[in-house]
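Engineer: So the sequences go chain by chain: A and B. This note's numbering puts the first residue of the first sequence at 16, with every later residue one more than the last. This note's numbering puts the first residue of the second sequence at 43, with every later residue one more than the last.
Just to be clear, a hint being listed does not mean it is correct.
Below 30 Å or equal to it, Euclidean Cα-Cα: the simulated DSBU-like pairs (lysine-lysine) are [unchecked claim]:
{"hint": "1", "chain 1": "A", "residue 1": "165", "chain 2": "B", "residue 2": "310"}
{"hint": "2", "chain 1": "A", "residue 1": "294", "chain 2": "B", "residue 2": "66"}
{"hint": "3", "chain 1": "B", "residue 1": "66", "chain 2": "A", "residue 2": "293"}
{"hint": "4", "chain 1": "B", "residue 1": "310", "chain 2": "A", "residue 2": "34"}
Treat the hints as calculated values from the structure; they're not laboratory data.
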Amino acid sequence: MSTINTENLILDAPTDAKKVLEVENLRVQYDTPRGAVRAADDVSFYLKEKEILGLVGESGCGKTTTAMAILQMVQSPGRIVGGQIRINGRNIVGIPESELRKYRWTELSLIPQGAMNSLNPVIKIKEQMADAIRAHENIKKKDLKPRILKLFNDVGLPERVYNMYPHELSGGMKQRVCIAMSIVLNPSVIIADEPTSALDVVVQRVVAQTILEVKERLGVSMIMIGHDMGLQAQMVDRVAVMYAGRLVEIGPVMKMFKNPTHPYTQLLIEAIPSIKEKKPLKVTEGLTHDLRNTPEGCIYQFRCEHVEDSCCNEPPRMYQVGIDHFVSCRHAAERARSMELLGGYHG
Amino acid sequence: MAEPLLEIKNVTKIFGGGLLSTSKPVVALDGYSLDVYDQPARITTIAGESGSGKTTLVNLILGYLPPSEGEIRYKGINLHEMDRNQRLMYRREVQAVFQDPYEVYNPFYRVQHIFDMVVRNFKLGTNKKESRERIEEALNVVGLRGEEILEKYPHQLSGGQRQRVMVARAYMLKPRLIVADEPVSAVDASLRAMILDIMMKLRDEHHISFLYITHDLSTAYQIGDEMYVLFQGVTAEKGDTAQIIENPKHPYVQELVNSIPAPDPEIKWETDIHLPSEEEMRMKYARGCRFFPRCPYGMDICKQKQPGMFTVGPQHEAACYLYQKQQEEQPK
């Protein structure tokens, strides 16, 4: 069975689409008195132009840490201890703060988690928007208002929001203000950290569609962090799955839902509650080890159904199993490969 | 049909609008009625978006707030006319599990303390050994072991463990009804299934009914028996959970079901959704249907009076004038 040479598991030539963001061997750790917590461990992926990449996993798996590392906003006691983050080919890890300002908001912007709490409650929306613009551009006062109104128009906000305070807006409108702010300076990458998690389903759908429209119109690339697999299926092009600080699988959304290869991805897909059919619920444990004390070998060994001795010795590397599709499990890669040989795998 | 276990009769709850208040009163629940049956034990779902009155309802049922009008009866006794013994019985038979498993713990006490409090207050077990056995039994029901967690502090537990401890605490009293207010919205997808599974097990094996309050229709579909969809303080639709979700009748419920993101990249949302402009939302039809400003089927009558419940199928009712005719045509 294991005679297939997984080292050369490249089924298709890599796509030649431009990579706007590349993360390579990123390691972030939080130093605590009882040892370092490895919140992101050897994370590597890339984001192509005009693509939406979903980043999913249970809480504490390192999704937000990875996103904050990309923005260079990891809070102490966390720090980036290794790896590279390249935007349009240029590494931004370790460059001085003054240099970083050129990237933040102009190249990289953030739609934060819980927009309700990220606006200043005592400052009018117009002032908060103007702040973001003035911090990066010398703009004439008379140009400011038309610019902001145009942004409102882009995200479907009425003009009267200009003169309002955050508490006068509904949750969906506040989230749209945050979307408007994130596109103020035409960034090439927007990171959206659970942009709709606090909203009701109907509002969530409207905001999600706003995000898709904005993305389409501006041609930006996005990273969408979330745990709602349904929303991911609706919005993203590729999905990256994280578990305990590691990236376990990344691939096109179709394949990830129809044909997940990593055992953890399979579990995530099975655990989605459906409204089409009643099915027995798949019961699972959460994180089973302390992140301060990660096991030798594969990170998923304690929960994996297919665990073998070899999994416990050496950590798996990323194996390519399709176009833009990588999995961090030797056995899963072999299974995918043998399915492909049997004709069951649609590349 | 048997007597309902818990009966909510035309309850209205109004906040604010007092003598010295400058703001307009907020009607959180408006003539709301709900019957929770048990025997056999079942899971009754209250579904609604934020601001629909779910939390007000929980507070009323648990007796934290008095209703402005109407009454809540448990086994036929009005909640606010109970004597001491009846109240103790109610406290014992109706338990609650809350949304955020992080907030309900006192961080300074070990998990053991939570159970000790229950044992002391309700005099469960005459000696240490017996009460210990009951604690152990309750933990086993939710799939935990005493030695694993009793000596720990709340912050040392995982999210799923915390919520399970809360269910075990509620179970210890052998309640007839557990009011579960969004018990799974703060836990991860992979743990959600575990909590829901425990709820079903308690229903099927231990005959405990649930009032499951949620905004998530898909979990309700998986475990619920009856469902009430709440919209701005009134019931929009009620009936069998599967029936409502597979064949929603009220335009609001249709919109809700259509907006659930399908976990399938091949089935995309239909693109158009009718959300009213700000001006439409501001139109106040004080006596009319609350959904009218957003409703694609709005009629004249909708502006004038909140519709009552019309029968749309067996044990299936919707508060919408679209079904008025249908009901009248049916032979009585």
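Engineer: Each hint: holds or not?
Structural biologist: Going down the list of hints, with the structure as the test:
1. 165/A with 310/B: With Cα atoms ~29 Å apart, residue 165/A and residue 310/B stay inside 30 Å; holds.
2. 294/A with 66/B: violated, 46 Å
3. 66/B with 293/A: Violated - the C-alpha atoms of residue 293/A and residue 66/B are around 44 Å apart, more than 30 Å.
4. 310/B with 34/A: holds, 27 Å
Checked against the numbered hints given earlier, the structure breaks hints 2 and 3 and satisfies all the rest.
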